[in-house]
Amino acid sequence: MSTIMHRKPKPSPAERTTAHKSSRNASAFPSKRLARRYWILLSLFLSGGLLCSLGLLLYNNPVPVQSPSFWPVVERRITAIVTMAIAALCQSLATVAFHSVTNNRIITPSLLGFDALYSTIQTSMIFFFGAGALIGFSGTGAFLTQVGLMLVMSLLLYGWLLSGKYADLQLMLLIGIILGTGLNSLASFMRRMLDPSEFDILQARLFGSVTNADAAYFPIVIPVVLIVSILLFLSANRLNVIALGKDVATSFGVNHRRSVIYVLILISLLMSMSTALIGPLTFFGFLVATLSYQVASTYDHKYVLPMAFSIGFLVLTSAYFFMYHIFNAPSVVSVIIELFGGLIFLTVLLRKRSL
Amino acid sequence: MIKLTQVKKTYSDHVQIGPLELEIPQAGLTALIGPNGAGKSTTLMMIGRLLHLDEGQIQVAGLDVSSTKSKDLAKILTILRQENHFVTRLTVRQLVGFGRFPYSQGRMTPDDEAITSKYIDFLDLTPLENRYLDELSGGQRQRAYVAMVLCQETDYVLLDEPLNNLDIARSVQMMGYLRHVADELGRTIITVLHDINFAAKYADHICAMKHGQIAAFGTVQEIMVADTLSDIFETDLEIMDGPYGPIAVY
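Going line by line, the protein sequences match chains A and B.
Residues 1 to 355, numbered by my numbering, are exactly what the first sequence covers, in order.
Residues 1 to 250, numbered by my numbering, are exactly what the second sequence covers, in order.
Honestly, I wouldn't trust all of these hints.
[As the list claims (entries may be wrong)] Below, a sample of chain B positions facing chain A; criterion: calculated Cβ distance under 8 Å:
1. M1
2. K3
3. T5
4. G28
5. I79
6. R89
7. T91
8. P102
9. N130
10. L133
11. Y250
Just so you know, these hints were derived from the structure itself, not from any lab.
Everything numeric in this text was worked out from a predicted model, so none of it was measured.
Think of the CB as a built atom: it goes at the ideal place given N, C-alpha and C, for glycine as much as any other residue.
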C-alpha cells in the first residue's frame, strides 16, 4: 500500500475479475448476522404491535365474552387500532422519506407547516365561530377541507423548488419554518382571547390523539394512504440514491429535482391525512425514524421503511395499551409519546455518532 | 471529445465565468489548473451537468449536456465532487455498488456485482470492502469514492481535486491509479489539480484558467513554461528539468 513508485505496475483490472466470488456482493446488509438481526427484530416488533392491539381489543372489556354486546365494544376499539396503524404508516414513512430527500436526519416533515396549519384552522374555527362550530367542524367535508388546505400550502412551498434561481431545498425548509412559526403565533394570539371553557375544548383537539379520529373518514384515508405508501415503497431504490445527495444522485442519472418533488408530494399526502385525522404528533415520526435507522442498520429503504412502520405501530399501540389499561390515564398518551420522543431527540443529538 | 462553445456562467456583475471555448480530446488525462477562484470547479461542474450554464453549449461525445437526458448521460460521464458527505451509513462495497445504478436502477445483477468487485480490487480496497466509510482514513475513503465513479464505467470521468487532503504517498498512489484508468481502460479523465508538478508528471494535457477564462491549453511541454505559469499564478516561478519531466519551482 505504501510503495511509492511511479506508475505502480499491476495487472490490468480485466485480468483480475477472476477474484470476484459470488459471496462478494453489495447487498443491503454487510453481513448475514445483521440481516438475521433485522428480520428477527422486525418480526418481534410486528408481533409486539399485534399483541398490544389484541390487548387493546380484548383486555378490560366491560362485558363478558359470552354477552352479545361483546363484539360491538370490540368493533369500536377496532376503529382506534386502524387509526393507530394509519398514523404509524403515515408518520414513519413520511419522516424517513423526508430525511432522505432533505439529506438531514434531525428534522421532521412537520417543519413544512402541517401541524401549525392544523392548529390555526382549529383555533380560528373556535375563535370566529365559537365552540359549537368547532364541535360541528367534523365529518368528511371538514376533513377534506383541512387535507386540501394543507396540501395547497405544501404545494405552494414546493413551487419554490421549481422557481429558477433561488430554488433550494434548504431555503424552502426555512420558509416552511417561518410560515409555521407565523401561523403558530397567530393561533396562540387567538387562543389568548378565548374563554377558558372554549380553550379546554380546543386543547383536546390540539394534542394528537386517536380518539379524534372518526371511522367515517376511513373510506377516503385508507385507500389514499395505502396507495401512497406503496408508491413510496416502490421508489425505495431511487430514495437510496437521493439520500446520497443532489450531486451524486445527478451523476447517477437521477433527475434530482423531479424525484424530490415527487417524494415531497407523497410526504404531504401522508402528513396531511395523518394530521387531519388525529392531530399533530410532532416528535412521533422523528422518534420512530431515528429508532429504525439504529435498528435496521442498512441504508436500503426497502428495509428501513417496513422497520419504521413496525416500530411506529408498536410505539402507538403499546403506549395506548399501557396508558388506557394499566395506568388508567387515557388523555396523556400523546404527551407521553412527545416526552419520550423529546428525550430520544436529545439523546441522539448529544451522542450524534451515527444519526 | 468534450467541446465547450461560448459557455458563460454569471454569478454577479463582477463574477463571471467565460465565455469559454475549449476542446478536450478523447482519452488521456487532462488537468485543470489555476489559482483559487479561477473557475476550475465551476467549469467542471458545468460539464458534469451539476451546474446550470447561463449561455453557450457543452457537448460531451457529441451530446449536449443541457438537453440530453440525465439518465443517458450517466452512462457517458460521471463527476466526483471534492466534498462528499452522506447521511446514510454505507460500507465500501455498498458505496461502490451504487456506481452501477445507471445500469441496474438499484437491482444488482451478478454482472454488476462482478464489475463492482473489479473496481474494488483495482483500487486495492478488497480487504476494506465490508468496512463502513466512517471507519476509514481520509485516503481510503477518497479511493472508495473514486472506485464508485469508475464503477459507473463511463468514458468520461470528471474529478474535482481528488488529491485534496491526501499526503504525498496517497497522492502519488491516486495519480498512479488515474493514469492506469486512462491508459488501460481508455477513459478520458479531467481533473482539477492544485499541484502543478502533479499535473506535469501525470497529465497529458493541461488547461490553465485564470479570472474565469481559459488562460492556456496544451500539452505539458507547452504549458510548463516559466512565463506562462508565472503569469497565471501571479507568482514568480521557474521551470527546471527533472528526472520525470519539467518541474515548477516556486
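Hint-by-hint comparison with the structure:
1. For the restraint placing M1 of chain B at the interface with chain A, the shortest Cβ-Cβ distance is roughly 20 Å, beyond the 8 Å limit, so the hint is violated.
2. The interface hint given for K3 of chain B is broken, as the beta carbon of that residue sits about 20 Å from the closest beta carbon of chain A, more than 8 Å.
3. About 22 Å separates the beta-carbon of T5 of chain B from the nearest beta-carbon of chain A, more than 8 Å, and the hint is not met.
4. Hint on G28 of chain B is violated. Least Cβ distance to chain A is approximately 15 Å, over the 8 Å limit.
5. Restraint check, I79 of chain B versus chain A: the minimum CB separation of about 5 Å is within 8 Å; hint holds.
6. Taking 8 Å as the C-beta cut-off, the interface hint given for R89 of chain B holds, the closest approach to chain A being about 6 Å.
7. Of the supplied interface hints, the one on T91 of chain B holds, with its beta-carbon coming within about 5 Å of a beta-carbon of chain A, less than 8 Å.
8. Below 8 Å, beta-carbon pairs count as interface contacts, and P102 of chain B has one with chain A at about 5 Å; its hint therefore holds.
9. Here the hint on N130 of chain B is kept, as its CB sits about 5 Å from the closest CB of chain A, short of 8 Å.
10. Interface restraint check: L133 of chain B against chain A, minimum CB-CB distance 11 Å, threshold 8 Å, status violated.
11. Because the smallest distance between the Cβ of Y250 of chain B and any Cβ of chain A comes to about 22 Å, over 8 Å, the interface hint for this residue is violated.
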